[in-house]
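Peer 1: Listed here are the chains, written in short residue letters.
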Amino acid sequence: MNKQDNMAKRHELIGELSRNIVESAVDIVKVDGNTPPVEESHNQVKERLSFESSILLNELVTKLAPATTVEDVKKKRMFERFGKNFRSQHMLMFISVIILIITGMPLKFPEFAISKFIVIDLFGGLENSTLIHRVGAVGLIIVGVWHLGYIMFSRVGRRDFFLMIPRPQDIKDFMHTIQYYLGKRTSGPKFGRFSFIEKFDYWAVYWGMVIMIGSGAIMWWKEFFPKYLFDIGREAHSDEGLLATLAIVIWHFYNVHFNPEVFPMSWVWWHGQLTEAEMKHHHPLEYDEIMKKESRQIIEQAEGGSGKEAAS
Amino acid sequence: MRKIFILLLLWLVAGSGFALEKCQICHSKQQIHKQEETGRKVPLFVDEGILDRSVHRGKECTDCHVDIVEIPHQNVKKVNCRRCHYSGNPVGAPDGQLYDQYEHSVHGVAVVNGNEKAPVCQDCHGAHDIINHDSTDSKFYWQNIPNTCGTCHIEEYAQYKESIHGVAVSEGNQDSPVCTDCHGEHNIQKPTTEQSRVSAIRVTETCSECHGPLGVVNKYGVKTDRTSTYEHSFHGVAQKMDNKTVANCASCHGYHDIRPQDDPKSSVNAANIPETCGKEGCHPGATAQFATGQIHIDPKSEESGIIYYISKFFLILTVSTLIGLFIFIILDLFRRAKNARDRRSRL
Numbered sequence: 003m004n005k006q007d008n009m010a011k012r013h014e015l016i017g018e019l020s021r022n023i024v025e026s027a028v029d030i031v032k033v034d035g036n037t038p039p040v041e042e043s044h045n046q047v048k049e050r051l052s053f054e055s056s057i058l059l060n061e062l063v064t065k066l067a068p069a070t071t072v073e074d075v076k077k078k079r080m081f082e083r084f085g086k087n088f089r090s091q092h093m094l095m096f097i098s099v100i101i102l103i104i105t106g107m108p109l110k111f112p113e114f115a116i117s118k119f120i121v122i123d124l125f126g127g128l129e130n131s132t133l134i135h136r137v138g139a140v141g142l143i144i145v146g147v148w149h150l151g152y153i154m155f156s157r158v159g160r161r162d163f164f165l166m167i168p169r170p171q172d173i174k175d176f177m178h179t180i181q182y183y184l185g186k187r188t189s190g191p192k193f194g195r196f197s198f199i200e201k202f203d204y205w206a207v208y209w210g211m212v213i214m215i216g217s218g219a220i221m222w223w224k225e226f227f228p229k230y231l232f233d234i235g236r237e238a239h240s241d242e243g244l245l246a247t248l249a250i251v252i253w254h255f256y257n258v259h260f261n262p263e264v265f266p267m268s269w270v271w272w273h274g275q276l277t278e279a280e281m282k283h284h285h286p287l288e289y290d291e292i293m294k295k296e297s298r299q300i301i302e303q304a305e306g307g308s309g310k311e312a313a314s
Numbered sequence: 544m545r546k547i548f549i550l551l552l553l554w555l556v557a558g559s560g561f562a563l564e565k566c567q568i569c570h571s572k573q574q575i576h577k578q579e580e581t582g583r584k585v586p587l588f589v590d591e592g593i594l595d596r597s598v599h600r601g602k603e604c605t606d607c608h609v610d611i612v613e614i615p616h617q618n619v620k621k622v623n624c625r626r627c628h629y630s631g632n633p634v635g636a637p638d639g640q641l642y643d644q645y646e647h648s649v650h651g652v653a654v655v656n657g658n659e660k661a662p663v664c665q666d667c668h669g670a671h672d673i674i675n676h677d678s679t680d681s682k683f684y685w686q687n688i689p690n691t692c693g694t695c696h697i698e699e700y701a702q703y704k705e706s707i708h709g710v711a712v713s714e715g716n717q718d719s720p721v722c723t724d725c726h727g728e729h730n731i732q733k734p735t736t737e738q739s740r741v742s743a744i745r746v747t748e749t750c751s752e753c754h755g756p757l758g759v760v761n762k763y764g765v766k767t768d769r770t771s772t773y774e775h776s777f778h779g780v781a782q783k784m785d786n787k788t789v790a791n792c793a794s795c796h797g798y799h800d801i802r803p804q805d806d807p808k809s810s811v812n813a814a815n816i817p818e819t820c821g822k823e824g825c826h827p828g829a830t831a832q833f834a835t836g837q838i839h840i841d842p843k844s845e846e847s848g849i850i851y852y853i854s855k856f857f858l859i860l861t862v863s864t865l866i867g868l869f870i871f872i873i874l875d876l877f878r879r880a881k882n883a884r885d886r887r888s889r890l
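Line by line, the protein sequences give chains A and B. Quick note on numbering: the first sequence equals residues 3 to 314 in the numbering used here. Quick note on numbering: the second sequence equals residues 544 to 890 in the numbering used here.
Just chain B, with the same shape it has in the complex (with noise of 0.2 Å):
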């Protein structure tokens, strides 16, 4: 109690402008850390350059460490940024939408289950390191979200280096898809569930956002009728009716690991169709002749060969039928009216 008593005085008598300084007698030393109990070393040392770019900058310890009352600091708790961030507050930050998105998210739904392992806002953000997007060492750089995502989800990460998107992005093509762009932010959904932009039922209409009529790929002479054709095939049928099992475009092009289709690793590489159309639970035993022939075909474009010539042939043949059998009944109409107007007439 007398202690509180003493660094209230303290702080009144210094005041909140000095607090930073105050802070940085102890924390900038860059040894300072805490031992916790079960024998790791928690470092504690505050860069203050760092802290002078984050977005947080003015700001003082202890607008966020509410909880830091004494020295030695007892019963530190996570910040909760929850006390500035949210809808309405006074002090301008960003508004708390986000944060309600993130409540039910699979991460925030995981935090209070109490997983631990289970990311809050500062293990994607930053702590003292939250710098503005824009800045090439932002975590939330575009090019570095991989990374910021990839600290837990380390297998996806490995895979998704190598793959076609990976590699784009690695290579500064902005264009290409980061984590955030397939599985949404604030918001991602367990891929299970419907909700996901990643489930077996919307993961088409994710990929078309890119890959559809009005895909960005069509710059990198990437086809954009792959979402449309996909519709027109059986699987594409399938899902509209409601079908849950039927393949949809990460079934056989993969997720994390989508490689180009001349890439040997690829599962749509000409030597691995058979394999990719014969896993379990799709089509057990295809053949490699069950793969020969296009996967994606347009009946109406001529680039599908035979399909677009039998299309065209029945389109005619339906046309021309129709057409012949509707006038026969027309004439015959006609006549029939003809003889019954003569009959009465003669009557």
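Just chain A, with the same shape it has in the complex (with noise of 0.2 Å):
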């Protein structure tokens, strides 16, 4: 209103400033039989002088406005990528791996030097480091347990394991994605809240989870089970452990930490927020999804409060 208010009385002033121009000029000038009418000659000024003052006031805008701040940036439009309760998860889950890894390698490679050092040194013998294999190996299962309980108890969980699910378009996006990294395409897929590589990432955590814990369990209860499987459980375990931890290293490593656009560390683990610019670039489809919600939202809101208002 107030903005309305100040466009309607610059408005006024601009008139009122061009007319007294034409008419002082009408005195002032000579003019011959075919000048043009006042009223004429006063739109052309009104125009230009119009055209001016917008210019002027908008370089002032840009001069006087103070410079953008840390809080302005903050206060910029934030997407969640991912809610307290799986952030939790993750934090639990990379907790426990790191502790696995730690000492469970070294019973892998026991001739190495470091996995001696490790072992004996830093934990102090192997009853210790196997204890704590079993510390972490419980941090393990319960973000297991947890995520089986999110997954179907939170609404934003059961969405996203729908959404998680993999589907013929993850296969298309695939070959588009190598067909553009072959110079083929001028540009990637566009991807929804989850890409084909995140859903290999999830499920591949599925698979090692299984595998992990199923093992791990015949070997820490190895009296309820014959030799055999306690051998299978072992090569497994063993097996398996490896191909994790190159897995984590490798490749979440690389797309987390040492891709060039995140390095040294995407944050979103700590605080899972994602930019607008980052939600267009990376999950244009699912911030389309957000902005038609919320345009409708916004219809449906607009359309409410009318009815309202005709109904009171």
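Straight-line distance between alpha carbons at most 35 Å, and here's what the computed DSBU-like set of lysine-lysine pairs gives:
| no. | chain 1 | residue 1 | chain 2 | residue 2 |
| --- | --- | --- | --- | --- |
| 1 | A | Lys282 | A | Lys192 |
| 2 | A | Lys192 | B | Lys881 |
| 3 | B | Lys787 | A | Lys229 |
These are calculated hints, taken from the structure and not from any lab test.
Put the complex together from the two separate chains, hints included.
Peer 2: What follows is the structure, encoded as structure tokens:
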């Protein structure tokens, strides 16, 4: 309302100013018979002045406005990528996995000096390091159960789980990405909330959790199993442990640490937020959906509001 | 004093060449003996025939029995071999390094600590009958070593005699170990100390001399992957991590009483495995199903059955996954570099 008042006032002032200019000009300048009528000149001057004043105003606003601060940037629209619940799962998971790798790898490579250093000097013997390995294992099992509960009983968890299910589009996106990498396409595919890369990571963890927890449990409670099951468990645990470690160190670390876009680290695991630009770049389909949904909501609200007014 | 003088005179007159004959005047009599205060009869007969075959033939009695200066002899002490067997001795006796080892061995230490039953040189090597170990009647002929040690270690000898190693030795198999092959000779240490060749830490190494990759047992169709598979097992890994309570070769197979697997008395016979695994301090309560399956497993060998295939499966899975991810990363980096170049050229 205030803004509109100002606009009207400005318009009025410009109008008055231009009329004065034209009228005084008519007095001073002797004109021939074929001079345009006053009204026409007045309109031309008014247009010109209005244009000039707009530019001047624009310049003033830009020059006098305070610089953008960190607070302003923070106030920018952010999109929640991972909720608190999901972030906590990830934190417990990586703490557990780091513990498991540090105490597990030396037993796969016992001949390395560093392995002996870790087990004997750092942890003070095999009894301690295997106990700590079991602490990490409990952490991982808790994450597994927690996540299953999350995808069943939390609304966001349920939604995300369904979005995680692979579909034919993922194969198309994969082919598209390879073509883009090879220079056959000018841009990469547009992803929704979860790209095929994220789906691969997610289901790889599922596979890893089943193998590691299953085989680990057999070894933990070996008294209840025949020895050949123990041996199968040990082989699978050892091999999958190495595969998981390499996948984390090479693939996951590339995506969240060493990738030039995020180096040295993407902080999404901590705050869970994406900026509007990041959303548009990495998850354009999801962004479109959010925008559509919001505009629908605004329309509905407006309609609902007017309906209410009419009703009252 | 007078006696000594006379004896010395006799000594000089008779000359050293006649010494042996002179001693044999008495000591060639089979029934000659001395009676100790405890009532024990100690024979003093010296068989000249044996003496002639000894490595010390040609030496005088008094070369060793240096404290015999009168007849009847008083306070005769045990012969000290160290008189000749030291480094750089002038008579050319084999040098004293082994003697040094003996002094630090379990036997030598026990002697120093006053254990009268502990062996000195002659208890093992013999006294007048030190015969070269190539002769079958030498106390150190390879096949006789168990008997020699068994003089004191009777129980161990009885167990060893029936073990696979003991039987093979008595059958004349020179590749089979006698006591000293595992325990060492002059440097024998208590098995509970780490320096011992049969200590929990070192016994695997000792067994692998024959049962390892270059082992002699290959000749007899016995597998030589026993130590490598042990090292791969959790027991082997734990041992590498300095764990002292974990099972080593001897924990399961026994030591003096090692028997082949098909012997019903063997600790690794299928029927006895639950009991062996379930030993106090190992896996008490181990049942028969706990012991079903192979023990020495090599995932790289097809004989390991399902373990081999699981290992292969994961190898293929790991290599292909990592190659795929690696290619993806490289392509991603290349594309990023290209995009950056394009942006720069547009500016």
